[in-house]
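A.B. asks: The primary structure of each chain is shown beneath.
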Amino acid sequence: MVMEFLKKYPYDKNIPRRTLWIMKPIVVVSKLFVKAVVHRDVAILYPYEDLWMPDNYRGRPGLRFDKCISCGICVRMCPTSCIELVEVLDDSGNTVKRPQVNIGRCAFCGYCAEYCPVNAMTVTPEKELAEYTREDLIYGPRRLACDKINENMEVHLEETLMSDIKNGNSERRVNSFMIDRPILDSSKCISCRKCEKVCPVKAIKMIEHGVNAKGRPILWPEVNKDTCVCCHNCVDDCPKSALHMDEVL
Amino acid sequence: MVYSSILNWVQFPDVMSNMYYPFNVYNLPYDISYKLWELLGGTIAWLINLLVPGNPVSTWLVCDEVVNMFALIIFMIVIFLVVFIGTLISLWEERKVLGRLMDRRGTMIGMKGFLQCVADGFKTFMKENTMPKKVDKMTYMWTLALVIGTSVLIACMIPLSQRWFVVDYNTGLLIIMALFALAPFFILVSGWGQNNKYSLIGGMRAAELMISYEVPMLIMIATTALMAGSFNIGDIVNAQFDSTWYFIPQIVGFITFFFCATAESERPPFDIAEAETELVEGWQTEYAGMKWGLIMLADYFRGYVACAMVTIMYLGGWLLPWDPLQINTYLPEITFLIKTWFVFFMMIILRGAIARVRPDQILNIGWKVFMPLSVINLAIVLMLKIGGVY
Amino acid sequence: MMAKDVLDIKAESAQMDTDKMWIIMGPQHPFSHGLWTLKIQVDGEIVKDAEPIVGYLHRGWEKEAEARPYPKIIPMADRLCYAASMTYTHLFCMTVEKALDIDIPEKAKYIRIVADEICRIQSHLMWLAAVGTDLGNLTLFLWGMREREFFMDLNVRLCGARMTTNYTRIGGVRNDTTELFDRDVMRCVERFEKVLWDLIALVDDSSIFVSRMKGVGNLTREQTVNLGITGPAMRGAGVDFDIRRDDPYDNYDKIDFDVPVMTQGDSYSRYQVRIEEMFQSCKIIRQAVKKINALGKNAPYRLKVPSNVPAGRSTARLEDPRGESLMYLISDGTDKPYRLKVRSPIFTNVSAAKPLVQGSRIADVPVIMAMIDMCLGETDR
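Protein chains in written order, with the numbering used here: chain D, 1 to 249; chain U, 250 to 639; chain P, 640 to 1020.
In isolation and in its complexed conformation, chain D is listed as follows (with noise of 0.2 Å):
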């Protein structure tokens, strides 16, 4: 194929006697500047006239208050460690956990709306976030919820898996809060029964498997696979790590 820039302006074509030295800058830079008198020149002029950016631009995190349930995976994903999940009241007047991001560390490189299992963290196409102040760049969750969040604003994991592939079934998407589970190891577990207490969907309840040496009954978490979201709580939580999660590939 022929490479068209090369052939047009080859190294040793003798560009004086062509132009003229200089007339056709001087050409090109006369036309764009009558174009730019009569028609109008591409400077947005920015106070009194903005850019329109699509839905899914990447701007400050959002949330969508009632819709969290306060699983931790955005503090977990975040790699600049701006998430922390703060106590606030919500509509009915209970205490509940909602995540509290710092702008001023965020990256927006959207992990949180991208790894959040219910689409309550989603981008924003908010960027004008400017604050005099260190502080102020810290939004808590009732400050990330306010504005107008729709569904182009939310961002979907969908991965396939390799099995489904191998089996000829490449259309199905399925994502790691859907399929991976959590294992236990019952030979650790000391029926201390933290995990049922940080389970935030309440997805673990505890059953009983006979008594052991000292008259105490012995139990063991049993994972609700409908309702369990991945989030890794039961798992980092276990102090005998006799939990672990099983990735489905």
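The reader is advised that the hints may include incorrect statements.
Claimed, not checked - In the DSS-like style, the derived pairs of lysine-lysine whose C-alpha atoms are separated by at most 30 Å in a straight line are: (1) P:Lys853 - P:Lys687; (2) D:Lys166 - P:Lys737; (3) P:Lys930 - D:Lys7.
Rather than coming from a laboratory, the hints here were simulated on the basis of the structure.
Dock chains U and P against the given chain D, drawing on the hints supplied.
C.D. replies: Okay, now just chains U and P, sitting in the frame of chain D:
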């Protein structure tokens, strides 16, 4: 004499009937300043007379000799203000035109951007006036003052029309060129005196650039004077009115002089003396604040002078050949300024389109291209003169 | 020969060159695109010696990467070279995929090609803008940035961010091409192919630009290979090697394109190689977009990968807009790398400053170094 009302003090006599009138022909700015002093001085004299009737200070303020003296002082201010505002307008024009050809707006705030230039100048004047410790103090201050002083001097000495001049002398064009050509020497000494490698290199580059571009310029000035018959600016303009504008027979000279004028006023593409990306600011590196502001202003003054010289020598000065609206009698100054700003517009387009030329290439072009072209131009004019066409 | 004392050598040299001076084109300098220093020793107007100093932007990237699980390193890899962020995340994901020994879906490979080539065009436009400022022509700078804006808008359509895109994932890409992207990509490429001739006319049709670039910064073919220079700087000196064609990764072998090679070895030929690469990138984008549309909307684009990478060593290399970049990963079976090493092409290219600049004038130094296309983020890591 009995002076009872202000109208006794503020009269408006004919300016040329004054015994001490310093010029030969009617001079408009002098007329304006004469009348301004009549107003101002007359008012002050009347006020003092109200307090102390019949005092000698009041009569002294409005007598013939003293009116001339104060009128001269106001005359200097009027001339400088007009030139200053003309240069500010060319600075504003550069920013807007350069913006549009780069596909953006230029400055936008304040009367379509004009007041921004004023505000920028004001800001530089408010900055701290520093002097680095190790520079040569006398050189540092004096060369700067001389560079700026000569630039403002020649800017004020260019006549805008038959009746707007400072001195009407028979060697007008030569004197402008001589003062214009003084600056490179001061730049060279200033670059040395700043005790900084960048400034030294910048100063040497400026000197070598300007010296090599003065030779074609002088040849072309001599050519124009030959064609018109004298060095007097008024005579050159009138000669162009009688025949054609001189850029038609001297088209080669017009283009060459245009490029030499761009080089002499250190505008891009010939701005190696202050090349930003190579040597931070060249010979202006150590000047900060108000001094740098004045250098920038002097740069634009020299650009204005270069464009004015092009207008006088090639574009017919302040007269239009076809004049249905009688502009030639009423407003020749505006014609002259508009032509100057048009030549500046062409310089701006040149700046936008072309890269900076390397110093050795500049010297090559100056000696090997422009000087032969100016000699060819001289030959063409000689043949036209001998053939009796002009 | 007797061993000389250091002080004796210094005294000798101080006596010999009394008329040369060291100019430090220091960190605060309008010409350096980034924060680095170039010290040149000058005799009148000719440069005799040069010494580049880099490292002002060192952020400890490789050490930071040892403390994070693999998905969290991807936003960091974006910021390695902030002007060309897609290629470094692509490189990182390729390295981890080699360590995991998996094969990503076809659609993901073609989308990665499109993203890479958009990144290449955008990076070369930024280089062209920098050439404009170095040579004193601000018009080229603003026109180059204007064109770059269109490609950054394409990035927004694709993944939501203009520069640090965070788009490739281990196992594929983050999301499928959106409707806005499908509508706009061919419009943008076709417009660009016409407008680029205008930008070229400013440079190639102006004898001032060309005479400033021709004949400066000469390197022979053997010198280029010995110094380890890669990328367009190498292809401008006659070495015919491009990783996309000769060691293809991610389906580049199914796309038909030319690799421009010039034999003269000076700044002008490096400039011409980069401009021609921009045109070839447009060609590649066209073919890849056709193949993506042929695969349909339901084809998979992202694989689910295990979070623990088996122990071992893996390497991957890629044709960055600036040269050949390479990552070397030692994994130990956990979800964090044991060692991750980045080879940046500019780090090697800038060490060739001395042979490039020796013998030219001061006024040529910015032109020569502009052709190397520095981006300090990846040099200093």
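A.B. asks: So if I understand the rule, the pair passes when the alpha-carbon distance is 30 Å or less; does lysine 853 of chain P with lysine 687 of chain P pass?
C.D. replies: Since the Cα atoms of lysine 853 of chain P and lysine 687 of chain P sit roughly 20 Å apart, the hinted pair holds (cutoff 30 Å).
A.B. asks: Lysine 166 of chain D and lysine 737 of chain P were given as a pair; does the straight-line alpha-carbon distance stay at or below 30 Å?
C.D. replies: holds (19 Å)
A.B. asks: Does the structure keep lysine 930 of chain P and lysine 7 of chain D at a Cα separation of 30 Å or less?
C.D. replies: holds (29 Å)
Hint violations for this structure: none, all hints satisfied.
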